[in-house]
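Novice: Protein chains in written order, with this note's numbering: chain A, 1 to 98; chain B, 1 to 185.
Calculated directly from the structure, the hints in this document are not laboratory data. Heads up, a few of these hints could be off.
[Unchecked claim] Calculated cross-link-like contacts (lysine to any residue; reagent style SDA-like; alpha-carbon spacing at most 20 Å):
id, chain 1, residue 1, chain 2, residue 2
1, A, Lys11, B, Glu63
2, A, Lys23, A, Glu98
3, B, Lys94, B, Arg24
4, A, Lys67, A, Ser87
5, A, Lys57, B, Ala166
6, A, Lys67, B, Leu180
7, A, Lys96, B, Arg24
8, A, Lys52, B, Pro16
9, A, Lys52, A, Gln84
10, A, Lys77, A, Pro33
11, A, Lys96, B, Arg52
12, B, Lys93, B, Glu18
13, A, Lys46, A, Gln84
14, A, Lys57, B, Ala173
15, A, Lys46, B, Pro97
16, B, Lys94, B, Ala166
So you can see what is in the structure, the chains are spelled out below.
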Amino acid sequence: MPTETLPIPDKILEGKIEEAFEKHWHVLVWNDPINLMTYVVFVFMKVLAFQKETATKHMLEVHHQGKSCVATETREKAELYHQQLQSFGLTVTLQKQE
Amino acid sequence: MEASGENGLIRLDFEPAECRALLRVLESIRQAYQTDPTNFPAPEAAVWYSTRGCQSAGLNPEETQEWVRHLFEFRSASLELLESWIARLRQTKKHEPCTLELTPDHAPSFVRILNDHRLLVAARHDIGEHEMKQSLFRSLKDLSAQRQSARFEIEWLAHMIEAILAALPHSGADWDRSLLRPESD
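So here's chain A without its partners, still in its complex pose (with noise of 0.2 Å):
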């Protein structure tokens, strides 16, 4: 009976999961004209667990300031939140911190 073995990881998928692991990615979210500031600070609280102060000085850094970085992660958990605050309506882009 022939035997199976385990592949050997493929040097592509290795760099993928470095890459997830990657750390220092910044998640910003950007002023818009329509997405009310009660419902900024509502998402905050829902999607990044913050509490509601967390949540209103981050708001009204966006607010105020044009952006704010909600958050620092791996790359991996940077993707997550930018797919999950974006859901909700926000405007998010990811920064590879220098």
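Given the coordinates of chain A, work out where chain B should sit on it, guided by the hints.
Specialist: This is chain B only, laid out in the frame that chain A set:
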């Protein structure tokens, strides 16, 4: 519309005209949630399926496509709930008020759906910062009839979202307004 918390539910009471308008909004959103992202006009795709974040993350075209597909599937997952609300509103006779009751679990989805519609209407009718900075009635002077309707709808849904969040426990709706600096322009 009045929103209140009762027996663990969020109760929304609508006037007859609001019932009809909300039904139209939910039916419009249902259609949009069923529309493939590739079939969206560019301005609307830019708000719902913006790939600006994908570009900033360095995603390649295939990864970006997959990312957009996930967003579409996330919206599609709300269709069953949407249908239940549409069915409830359709039961209401034309000139009668109506009520929707949302569980605390479903209220966030309802709010998100209304907000999605606001974003789409704004994109569709080019309602941006200039129009939103002015008071509603002042902004109407400069707008075409269609854009006036859009501006009204965006404002009306904003009122609804604020009211629902105020009735939803732990939503942060009571954030400290005294922290808001006056606009400098």
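Novice: Would you list, in rising numerical order, the hints stated earlier that this structure does not obey?
Specialist: As far as the earlier hints go, 7, 8, 10, 15 and 16 are violated by this structure, in ascending order.
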